[in-house]
Structure formats: structure tokens, C-alpha cells
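Protein chains: 2
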Amino acid sequence: MRIPLKRHSVVPLYQQIEAYLRQGILSGSLAANTRLPASRQLARDLGVNRITVENAYAVLETDGLIYSRMGSGTYVLSPDPLLVIPKDQPGATWPLWQQGLELRSSKPRSSVEIKKASRHPELISFASGIGDAHLFPAEDFRKVLQTVMRRDGIAALDYGEPNGHAPLRETITHILASQGLQTRAENVLVTAGSQQALSLVSQLLLKPGDVIMVESPTYSGALELFRALGFKVVAVPVDRQGMQVEALEKLLQQHHPKLIYTIPTFHNPTGTCLSTSRRIELIVLADRYNIPILEDDFVGDLRYEGRSQPALKALDPGGRVIYVSTFSKILMPGLRVGFLVAEGPIYQRLVDFKRVNDLATSTLIQRALEVYVTVGRYQSYLRRSCQTFRKRRDTMLSAMQRYLPAGIDFDPPHGGLFIWLQLLENLSSTKLLSFAWEEGVDFSPGNGFFIDQTGGDHWLRLNFVAQSPDQIEEGIKRLGRALKRLMAAP
Amino acid sequence: MRIPLKRHSVVPLYQQIEAYLRQGILSGSLAANTRLPASRQLARDLGVNRITVENAYAVLETDGLIYSRMGSGTYVLSPDPLLVIPKDQPGATWPLWQQGLELRSSKPRSSVEIKKASRHPELISFASGIGDAHLFPAEDFRKVLQTVMRRDGIAALDYGEPNGHAPLRETITHILASQGLQTRAENVLVTAGSQQALSLVSQLLLKPGDVIMVESPTYSGALELFRALGFKVVAVPVDRQGMQVEALEKLLQQHHPKLIYTIPTFHNPTGTCLSTSRRIELIVLADRYNIPILEDDFVGDLRYEGRSQPALKALDPGGRVIYVSTFSKILMPGLRVGFLVAEGPIYQRLVDFKRVNDLATSTLIQRALEVYVTVGRYQSYLRRSCQTFRKRRDTMLSAMQRYLPAGIDFDPPHGGLFIWLQLLENLSSTKLLSFAWEEGVDFSPGNGFFIDQTGGDHWLRLNFVAQSPDQIEEGIKRLGRALKRLMAAP
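Residue numbers (the numbering used here), protein chains in the order written: chain E, 1 to 490; chain F, 1 to 490.
Hints should not be assumed to be uniformly reliable.
All copies of an identical chain are treated as equivalent in the list; a pair is satisfied when it fits inside any one copy or across any two copies.
Pairs of lysine to any residue residues, derived as SDA-like cross-links and limited to a Cα-Cα distance of at most 25 Å, are as follows [as the list claims (entries may be wrong)]: (1) K6 - E305; (2) K477 - H120; (3) K143 - V371; (4) K207 - H255; (5) K143 - G153; (6) K6 - E246.
No lab work stands behind these hints: they were computed from the structure.
All chains should be modelled from the sequences, with the hints used to inform the complete structure.
Below is the structure:
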């Protein structure tokens, strides 16, 4: 045990030891039943006389903070609740460099905290970015973990290859091919969710102050990332055919972005798909202006109707598009396994950069996923998900027709997770949210999806896959009530 | 299934579909037994006539690439090996931005590849930075995973809290307190290994071009990270009492670093401990010059003899030191769970930055660790590890006396994982490595631990904990042979 001692202090050493342990016990950081070192051992550790330690222990024992069991050792007792030191932040003065950080931090109070404060007993949430946790095959996965731990033993707990478990990378190529995107395991990099993939790619290609081009609106988590990394974010507007590629060339000439980030299929938050002609034009333009494309295909497979569009990556003549996807949306988000596909020199650079950032992604989870996610199982899981999600979308659309007042505008999405709703121009989704929480329903207000976190205030995003049909029905009913209250408000 | 089609091409659509699937099957990306969509479905997906798809399938079936089973569907066959397209990189011309990346990449061929090439059937490695995988309690951990999956179900697979699973953070504070460092769960951030903690802290506090101060030599993975992030790395030399803090003030005035990165206890690679007076002086200096300290305490608990030193964090008057540690070194590296401790405004900034980088670290693993790593279990595991590792250190030291030629210099380490060896001035550890591989032993040559990857060529690092005593004996014998060959070489 390492205890800081002031050897030239007027406070005797035994009192310093006693005070340090007392502080730990009363503040709760030294937990009840923690075994303290034998006095002989602690004396050796600290380079003090054994009597010094024994004196310190004796005082603590007299005060009922520790107890000795003959032949077994000395243990911490639960302190008398009256004595416990409150866990308040000590009245420390932070060093100057910390005060600077405080000023720069302009993060609003997180919506989680606010929601907790609103305290509706049974909030129905359409705010999430993921699927329905109740559909996740947790029990099957438990068995797979067992199989893997029994089969691989300690190998399952080793660092593994820096670009990902090879058989999992192979499986990923087979799944992608079964969905129409052909690639090779040597071009796949397994990441800690697709969020890490976005982080690695953008950091490798941009430095702070560089320009990144995104759709407006776009995935809020990407915007937060790009802001945190100090990039200048420039937006291309989105219409019903996705990114307005016609407007892109002028923006490229004007801003010289280092990267184009796009969600071409079932876009987050709007749900639109980039048309085929725009896909081709986007690749041509990026090539002409020598700009890499980062394609976020987070739910490209979740199509419920309409004609499919090839991934941008499938149109890539070679090394132009970096493709990012994930298992999180249809399987288990907590596994934190995503992947990217890239060719050319950037691939090895990404592998190296991933390695210096976190060495590797849990091999155990990778091995388990590899066993669990066969192509056949993925295909049938996807089929079932599409059926379930299509029904939920239809439930939500019909509930919207019944319960929402007139003047709401939206396009029914052909796939993905989200409905993107436009309120009347004079209505604010931020204000709607307070009413909604009171009624017991939650959604994502539009502002978070825009680069300056403004300009989207009459928009909102609803996740239609995360709740059961009954909950969807009830949630939209509540949203209708909230909207009527908002429209009636002064 | 998404297949890119050129609708105005002279190539008929059925041939485009057929060619795309054929390419996938022959290149192996479309795996055998993958089910293809029903022709009606694929026709709908692609917006083509059903006959078009049927024609494509018919050609593929005639060529023995797919087969249909009545009522079940159409499946991919294993292609005739003679037809398989080699997996070579296509002769693509990379876009200009990729060529730029290629030029910037100066990474030497990885040592893993070289080692594979050396092909000794039973290489004994003293090169690793971790413990002995065979001591990892894989079977116990398997049972714990089961318990957690049964107990928590889908909750174990959710995103979890952005700063880490609360009970695990509580456990971490109890373990730290049992080792003499008192902190609170609200100041702990769980990360993907300590490597991610280093990455988050340094990125938050520095931008490319900023100066970071490190010990010379220091942990190679930190150097690689700082280089990859574009920081200017300035070194403070290390002697037998650790960082030469006396030299620090002048360097601080000269270089204005934004962060001091240090491994004060059982330093990597030298194994030294910073003396108490230097610890205090370091804190005072950092405070005077308003510079944060990043303390990497990767094996602070693994002490085999001598007096303990308090962690720098334990001497921190508040918010000066950011403390990083990990379970990887004594438990299971593949779990990828580390943590940091920080107070003040930087804590929330780090939580936010972690969230935008990868959302969260696998909750399943965090929950399992929380159940597995009780304070008592950690303490007894630590006790056993110290006993085992002390014996292995002694085995290595005595083998070195017997098998290594005279003129080798080193200090027997009092803890940690490494012995840092100095060869005679005219001998190169890089050259020694070739002989060592031929003899069947591996180590880490010194250059990788120095900021310019030079200046350490007569140093080498041996890990004394990762091999069994028999292997240590044999490995050092081989190293002795390699050294004699090197000394005899012209």
C-alpha cells in the first residue's frame, strides 16, 4: 500500500498514516471488508518502524474503523453513518489550465439529466438512434460466448490482430457481398462501433481548422465529433433525393474540404436515399476535386420497400470511398463492434492509427460475433427485422394520421429507423419537447442535426423501430396531445 | 441486395447482374451457401423485369456457380478452384490524396512480419509488454460472463453510461484505495485500455504542433501515439531515480509543453522509480508552470521489494494530475478495459470526448469485470502475481549471471515487468536481434523507446514475467549465445 508521508513534518508518522486511512474509510473510498496490509508489511512498504504502523492501527481500531482477526488480518469496518464524510467536491481551486477548459466547454446540460428531472413515470421514447433492445438475441449470444470461451480459452482474451479477428473480417466480407457490396478481408478494419471508424478516418485526413463537408441536416454524433476535433463543418443541403449534389461543386471550389461525409442510404435524420444519378455524380465530383468520401451506411440493409441503391463504395473505381458500417443497429449496440472498408495506402494508415489509439477492440467480443453472425443467420435476422420494422413504421404512420393535428409534413421513409417531421413554421420542436415530456413521450428535436445547432427548430425526428406497436400507438397519441397544447399556447 | 447497374449501357442488364454475382463468387467474397434473393425479390430490389434476373441466374447455374433448391431458394456453390480469381490487389491507380498518404507513411515493416520470416520453430519471447497469458483466470471469467448474461440479459448489451458502468467505477475506487490512492467514482472514467486514456487526454490538451514532455526513454506505444497525433515530443532524461526533475525547469521554460507524460513507478522500459523528493518537486514545478501531468501507473502495484512510493496522484493538491491505469497487465489484456482518474472541469470534457470517439466501452465486459474484480479477489490475485513475478525476476537475473558474457550493465528492478539492459557501447541491439531470432529468442531493442527512435541502440528490454521459469532459463541461454555471436562478428 502506497501512502504519501511527509517525513520532515511536525505531524508524527503514525498520525499521518492514521489520518490517511481514516480519510479513506470515512469517505467510502476504502470499502468495508478491505483487508489492510499486515503491520510488518506496511512498515516495510513505507520504510517506517513497525510500531508506527501498529500505533496507527490501534487508534483506528479504538475508533471502530477497523478490526483485527487473529491469524487472518486487519479489515476495514463500515463506518458509523454519522461520521461519513460527504462526497462533495472538495473546495479545490483548479489550476489555471483547468479554468481555461471550463470556459471553452459550452456543452448544454445533457438531455438525459433534463429528462430525469421531468419525471414522467413511463416515458415512451422515440429519441434513440438504435433498434429495439427487446429484439436482441441475448440468450443466443450468451451461449455463443460460452462456446467461444470453452473453445479458445486464454486466446479469446489476448490482444489479437490490430485490424481485427481475421475470421470475423472474412465473415464481414461475406455479409457485405450477400447485400451487394464486394470487398476483401484485407480491406476490412474492425472498430469500436462505427463511431470510432468516423473518428479514425476524419482524424487521419483532417487537422483542426480543416474543412469537412456534410449533409445538412446530418447525424448529430458525427457533428459533435467533428466539432470536438476542431474541424470547420460546411453543409450541403438535403432534399427528397438526398444530398443536393448540384450544389456541391460550387461548395468544393469555395471551401476546399478535406473530406466529404455522407449517409447516402436511409439518411439520418431525414430517411431519404440519394438517387442513383446523384451517387454517380458525387463520385465523379469527389474524384475531379481529389476529395475522399466517407460513406456511413449505418442501416443500408434495412429496406422495407422501393428499389435498392448501390452503396457508393460499390461504385468506387478504387480507393475513393471509405465505407463505414456496424452491427449495432440491428444486433447489440453494447457490443461496440463496427467496421470500415478501405483500399489503398490509407488502409494501413488507419490500422496503425487505430492501434495507437486503443491497441485493439475486444477479441472476446469479436470471436463471439464471428461465431454468432454467419451469413445465413444474418440474412434471416435481417429479413425478420425488416418485417418487424416495416409493420412498426406503418403503425406509426397510421397513428400519426389519427392523432396528430393537420399541418404536419413528412415523407414516409422506405427504410431505416427514422421519420423526419416538419412542424408549421411558427412552431418550435424545442418547446414541443417540454410538453411532450409532461405527456410522457420523447423525441429528438431537429436542431441537434444542424451544423450550428440552429435552423432545425421546426423539425423533429421519431425513431419508429425502438418501441412495440402498442407503445407506438400510445406515444403518438401523447405527441398529438403535446402538439395541441403547443399550438394552443400563447 | 444492392447491385450497381448501368441502365443506359450497351451491356444488357441481365449480363450486368450475372457479371457482378460471378465476380463476387469467383473472388470468394460471396461465400458458398449464401442464399441469393428470390428472382422476384431481386427484380423488385433492382427495379428490373423478373425475366432479367432469371436469365442472369440461369447463366450462373449453367456455369455451376449457383444452384436452386425447389421451395428453398437459390444458393452460391463453391467455385471450381481453377476459376477462382486471385485475391491480389487490383491494379488500381489510387487517387492523388491517397498517394500523398503513402509518401507520409514512413512506418518500417512491422516486427511481427519480420519475426514470422525468421521462422524459429519455438521462439521464446521476452518482447511483450504484458503478463503471462497462462496465468489469466480464463475459466473463472467464463463463469462470470455467464452469471452476468443470465442476470442482466439485454441490459448487459446496451450502451451503458458514457463514463463507465457505475458499480465498476465504484470498485475501481475501492481497489485504488486498497493500494493507497483515494478517489471517488465520479472522478473515474472507464476507457478501452489505458492506451485510449492516453489518447483522449493528450488529444484534449494538445493540438498538432504542441509540445509534450516525456521521459527518455519511455513507453514506445505512447511515443507512437504522440507522433501519430502530430505533437512535438521533448524528452527529459531518466537516471536511477527516474526522471531527472532537476533538468525539467529549464526545459519547461524553453519548450512550453502543454502536458508532461510520466511513468513514475516501475518505469517502462527502465524499471526505475521516481524518488519521493523528485515526485514532490515535479508536482511543484508543474503547478508553477501551469502544466498538467499525465501519470501512467501501468504496474504501480507490482512491487517485489523496497519501499513504496505514493502515486503522483496521491500528492496532487487537486486537479493537477490525470492518473491512468489498467487491468490489462495483471488480468486479461484482450478485455481492453483501462481507466483514468481526473478532477475538475477536465473530467467532463474527457467523458464527452470519449463519447464522440466511440460512444462507450463494451458494457458486457465492464459488467463482467465488476462481478469478477472484487477488492478481496484483486488483493489476493495481486499477492500471487507478486510472488510469481518476483521468482521469475530472480530466475532471469541468475540466468543472466550464468549465461551472459561480461560487460552487460543493468539494475535489478524492484517491481514491474522489465529489465533494461545496456550492452557495451560498440554493440547494437538491433544487430543482436537478428542473431537472437536465429537462436530462438526475442526481445525489444532499445531504439523504439527513444523519441527519434535512435540513441538507444546499445539498450534492450527484457520482459521477465511473461515466460515460465524453464523458458526464462532457456531464453537467456539463447540470448547469451546470440550475444557471443554478435561480439565475435566482424
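Results for each hint:
no.	hint	verdict
1	K6 - E305	between (73 Å within a copy, 21 Å between copies)
2	K477 - H120	within (15 Å within a copy, 71 Å between copies)
3	K143 - V371	both (10 Å within a copy, 19 Å between copies)
4	K207 - H255	both (15 Å within a copy, 22 Å between copies)
5	K143 - G153	both (15 Å within a copy, 12 Å between copies)
6	K6 - E246	between (71 Å within a copy, 21 Å between copies)
Checked against the numbered hints given earlier, the structure satisfies every one of them.
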